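Required output: the full structure, derived from the provided sequences and hints.
Residue numbers (numbering that gives the first Met the number 0), protein chains in the order written: chain P, 0 to 480; chain E, 0 to 418.
If you are wondering where the hints come from, they were derived from the structure by calculation, not from laboratory data.
Check each hint, because a few of them may be wrong.
What the hints assert, rightly or not - Cβ-to-Cβ under 7 Å is the rule here; a few derived chain E residues that face chain P: (1) Glu164; (2) Pro190; (3) Gln203.
In this text, all values refer to a predicted model and were calculated from it rather than measured experimentally.
A virtual CB, placed ideally from N, CA and C, is assigned to each residue, including glycine.
Letter by letter, the chains look like this.
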Amino acid sequence: MLEHILRRMGFGASPADLAFWAGTSVDSVIDQLLNYESKSTDHDSKIGQAAYVGITTSGGNPFSANTSINDARQRWLFRMIHSQRPLEEKMALFWHNHFATAYSKIAGAVGQERATRMMDNDPSSLAGSAPGQIQLLRQHATGNFRDMLLAMARDPAMIYWLDSQLNTRTRPQENFGREIMELFSLGIGNYTEADVYAAARVFTGFNWQVVGDRANTQTSYYTFAYRPNDHDINAKEFTFPIYPDGGRTIPARAAAAGEQDAVDLVNALARHPATATRLATRLYKFFVNETSDPDPALISAMAQTYLANNFSIKATLRTLFQSSQFRNPANFFQRYSWPVEFAVRAIKETGWTGFSVNTALTPLTNMGQQLYEPPDVNGWATGPEWISTSSMLTRMNFASTLAANQRFNLARDAQPYRATPERVLEYMLARFPSMGFSSTATSAMTDYLRSTTWTGTDAQLQTRIPGLTRLIVGAGEYQFN
Amino acid sequence: MSYSRRQFVKGGVTAFTFGFAAPQALCDIAFAQGGAARNLVVVYLSGGNDSLSTVIPYRDPDYITRRPTIAVPAANVLQIGSDSSRVELGLHPRLTGLKSIFDAGRLAIVQRTGYANQSRSHFTGFDIWGTANTGNTSGTGWLGRYLDLEPTPVDPLIAWNTQRETPRPLMSRTVGVPAITSPATYSFSSPNSGAEAGYERTAQTRISSHLPVNIPHLAFVNSTTQAALGTLDRVATVATYRPAITYPSNGFGQALTAVAGAMNKQIGTKVFWVQTGGFDTHATQGVNQGAYFNLMATLGDGLKAFYDDLSAQGLMSNTLVLVYSEFGRRISENGSSGTDHGSGANMMVLGGTVRGGIYGTAPILSLDPSNPTLENNAGDVKFQTDFRSVYAQILDNWMGSNSVAVLGGDYRAGAPSIL
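Shown next, in the form of structure tokens:
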């Protein structure tokens with residue numbers, strides 16, 4: 000149960016994590032993981048220290064996670080492995096997929112340094128600078144969904160990603176207006192094309208601006224800007240209620256007050272029952288089970304919690320984590336691990352001494368999940384769609400790379416069990432939890448350990464234990480979470 | 000979308016178990032079939048292609064007035080004559096390669112394809128084109144159903160997806176189509192070397208042979224691994240292909256090189272999926288340079304290299320290329336010098352035995368709300384030819400399949416005679 004909770008509310012458990020939580024009640028573990036605000040945020044200060052997973056800088060540059068996207072990717076993986084707030088990173092990943100924005104389009108417009116800041120700037124790195132999109136998602140990770148939706152509408156990365164800076168009174172452009180309803184809130188089927196045009200007009204005037212010396216890409220950064228002259232001041236009529244009294248028309252307003260249009264629309268979208276059900280369903284599939292139909296009773300309970308608690312994500316999650324479904328062993332390993340979840344769990348369970356997360360970046364791309372680079376605004380195609388011959392070869396080969404890197408540590412850990420292949424296998428299957436292997440598979444593994452006569456010498460362990468590690472971590476049974 | 004893929008995984012396990020039981024035997028079948036079989040290459044333009052900029056009604060006065068900053072001047076288009084309604088048409092100026100294929104009589108352009116009440120959503124639209132079902136987009140894809148109807152046992156390499164994720168059109172009940180983005184990196188590495196690496200591959204193959212009918216999602220993953228390990232060696236031969244023609248050094252060119260290599264090495268693949276993205280041109284499409292110009296360069300140069308490479312080897316007569324996108328774009332430009340999501344659009348088919356030419360009639364771009372060639376208050380192009388009738392042509396007259404069975408309905412009526 001503890002391992003299940005740490006896999007779902009975080010990215011799995013290292014042996015040290017299991018020792019830390021041993022003896023704590025299930026309710027308390029869940030409570031502490033959910034209410035993480037009191038937990039330390041000092042993880043970044045550990046980057047580069049020997050006891051933690053490594054990072055690799057490029058070209059002799061210092062590690063620059065706020066201005067180099069490659070370093071930002073390493074920092075995020077580092078946090079997933081070592082943060083004392085694993086749920087914060089887990090939810091940031093969930094929201095990254097929900098508000099899917101890709102770095103490359105933005106970098107093409109503003110350059111790599113400022114685009115990296117727009118994706119995941121830590122404001123403490125540069126006085127006055129704004130948090131990057133993923134940092135905003137961390138801040139709102141378990142907060143108020145309406146506030147998060149509005150923050151995304153005003154987020155410079157989102158503005159450029161969906162062309163809001165081009166959406167003006169005289170030239171409305173519907174990219175963001177469509178996606179905020181189709182993908183970020185209601186879901187398709189709950190709005191009309193006329194609503195798309197009206198929503199586009201609501202967000203006219205939303206723009207971005209550069210702050211600081213424009214020529215200096217290291218120190219200038221982007222913030223939200225509202226341009227009243229570009230705002231469409233006319234009334235906007237929708238087919239669904241905008242106001243609690245059922246009113247469907249956002250009234251004509253002076254341009255200076257035009258930002259209120261977006262607040263009104265975002266309120267309506269957050270309040271819409273379709274949004275509540277859609278969010279609940281997405282959270283259910285992410286945290287409970289995606290291999291069988293969602294439990295309608297729990298979806299309904301989560302949606303009601305959301306609507307009754309001022310759109311609180313934390314309250315919705317509490318309903319989920321306290322449900323019997325979340326803790327039901329029948330739901331263990333019933334999610335396809337996202338590539339990032341797979342790689343981080345493999346690292347936590349295999350060990351990281353002398354391993355750099357940089358090594359994981361290319362494999363993650365080939366598994367189909369490059370952080371800060373979702374394929375389109377709909378996010379990644381998850382579930383079975385992660386699985387292809389190419390991605391499975393990459394997963395198997397990543398397991399191989401990691402096992403080779405940890406060869407001596409793995410062999411040393413297996414020494415107490417070296418008497419027989421069966422004892423070794425028992426230890427290894429406990430170390431790498433999975434849905435369980437059939438006798439076909441376990442026979443294949445012990446036969447592998449006996450490919451030549453089993454001696455259990457250090458030399459043999461240093462060959463076969465990494466080999467067995469790659470077999471387990473690369474097996475279908477391990478690809479579930 | 001993953002929700003429905005889940006259902007397909009649930010339903011497919013028995014067949015998966017059957018289909019991938021004996022990879023070596025399947026390889027033998029594939030080799031026995033030889034490389035002379037016809038093949039289909041589907042090229043998907045991701046993002047919604049502005050097909051009014053691909054095939055341009057350059058004399059239509061409303062084309063200029065509704066697209067003041069992105070209209071291609073008449074003097075610049077590559078003229079290809081007129082359609083049956085006497086609308087003069089030209090290819091985008093950067094499509095010089097496609098123009099030469101058109102002039103050779105091997106490029107068919109089918110105008111105004113689509114379906115009623117066309118979706119303006121990328122994702123729903125893609126799934127409708129993929130399932131060939133306008134009512135329920137959660138099922139298998141049209142190419143997947145073609146594969147399902149092939150005689151068993153089916154060789155896993157009967158189809159080849161050059162993308163990492165399996166797209167909706169290739170989703171099949173019985174065949175896990177391999178995703179092979181690059182033949183050169185499609186390999187099984189090991190922490191050890193020599194015989195030890197071989198022991199691992201043997202063991203991984205045995206572990207993945209467990210295909211439990213009561214755990215379909217595990218059977219799905221393991222059958223995918225089986226397909227990967229069972230096709231590695233044949234795919235490795237494709238990595239040795241060295242084309243005589245230079246392909247563009249972009250992802251599209253590399254994917255087409257791999258497709259040509261698979262044909263050259265006669266590995267038995269019948270369906271290839273290739274895509275190229277960036278067509279969601281909400282802004283700065285440009286005319287003689289810019290986003291759309293670059294998209295046409297990628298598309299046209301890649302297809303021209305592929306056509307020339309295969310023609311020189313005598314393989315083009317066995318090859319059919321279908322080009323499509325999930326929707327066309329709004330007729331009037333949006334003021335960001337781009338276009339928003341629209342409706343009807345062109346499909347293109349090229350190949351060594353295609354009856355080239357212009358099929359269907361162009362939209363009249365007049366803003367008159369009663370204009371029958373437009374919809375959405377004359378905002379978008381109204382479809383004239385159901386996209387499924389083009390699929391039907393290809394299935395019946397190229398793939399030797401039964402389009403009614405594959406498409407779940409008879410779409411033969413009104414199909415353009417492109418073959």
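Here is how each hint holds up against the structure:
1. Using the Cβ-Cβ criterion of 7 Å, the hint placing Glu164/E at the interface with chain P is satisfied: the shortest such distance is roughly 5 Å.
2. Given hint, Pro190/E at the interface with chain P, holds; its Cβ is 3 Å from that chain's nearest Cβ, closer than 7 Å.
3. At its closest, the beta carbon of Gln203/E sits 6 Å from a beta carbon of chain P; the interface hint therefore holds under the 7 Å criterion.
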